[in-house]
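S.K.: Sequence order for the protein chains is A and B.
Residues 111 to 221, numbered by our numbering, are exactly what the first sequence covers, in order.
Residues -13 to 96, numbered by our numbering, are exactly what the second sequence covers, in order.
These are computed hints drawn from the structure, not numbers from a lab.
Since no wrong hints were added, every one of them can be taken at face value.
The list that follows gives simulated cross-link-like pairs (lysine-lysine, DSS-like), each with its CA atoms no further than 30 Å apart: (1) B:K95 to B:K43; (2) B:K83 to A:K181; (3) A:K167 to A:K209; (4) B:K83 to A:K209; (5) B:K83 to A:K119; (6) B:K83 to B:K42; (7) B:K56 to B:K43; (8) B:K43 to B:K83; (9) B:K56 to A:K209; (10) A:K209 to B:K45; (11) B:K56 to B:K45; (12) B:K56 to B:K83; (13) A:K181 to A:K167; (14) B:K95 to B:K42; (15) B:K42 to A:K209; (16) A:K167 to B:K56; (17) B:K42 to B:K56; (18) A:K181 to A:K119; (19) A:K167 to A:K119; (20) A:K181 to A:K209; (21) A:K167 to A:K124; (22) B:K43 to A:K209; (23) B:K83 to A:K167.
Covered stretches of chain A, going by a simulated chain B footprint (3 or more residues, C-beta under 8 Å): (24) 148 to 161; (25) 213 to 221.
These numbers were taken from a predicted model, which means no experiment stands behind them.
Where a beta carbon is used, it is the ideal one built from N, C-alpha and C, also for glycine.
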Amino acid sequence: NAGVTQTPKFQVLKTGQSMTLQCAQDMNHNSMYWYRQDPGMGLRLIYYSASEGTTDKGEVPNGYNVSRLNKREFSLRLESAAPSQTSVYFCASRVTGEKLFFGSGTQLSVL
Amino acid sequence: TQLLEQSPQFLSIQEGENLTVYCNSSSVFSSLQWYRQEPGEGPVLLVTVVTGGEVKKLKRLTFQFGDARKDSSLHITAAQPGDTGLYLCAGHTGGFKTIFGAGTRLFVKA
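Here chain A stands alone, though its shape is the one from the complex (with noise of 0.2 Å):
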């Protein structure tokens, strides 16, 4: 069973650049998020789904946007990187009120 999955695993990108994050999730969920993880700061939500075709901003939604494709994708894009984008994004999903499944998250650097 492959439950998230996140692609790509790592990624280094210059100051400026945009890229999309992929999330894609098979256990048929209805709520889907993304999380951002920096050191001592623990995981901090950027962006939530509560079901497919809407989408709602988190703690630290500024310099990203997200789109629910599908009830099975999640994507997380990022328009301009900055330095300060530069963490580990994690994608999760679930059904609403239980437990979150996480993907094996991706390491972005931003130069």
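Dock chain B against chain A, hints included.
M.R.: Then chain B, alone, in the frame of chain A:
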């Protein structure tokens, strides 16, 4: 803004010792979860506590939810090197969001 404060941030102990990790907030949560994360992987759920005062045991790990549902603790008895990892508490308020503490990084030396 809801905050979950975890302490300690870092813990290095010898195999066989006991330890307790704390998770505190001024907010009330409908449930609280504990996750464990290993390097290069996403967090994996250990337990969910729902009722104030609830205690759950998972082998050598004991989880407690405070009576007021604002705090929680994780106690590990006779820690083993395999317990090494990052432990995260996460609070759920009943909506779609879950907030996470900053984590406790545990290192158990053989």
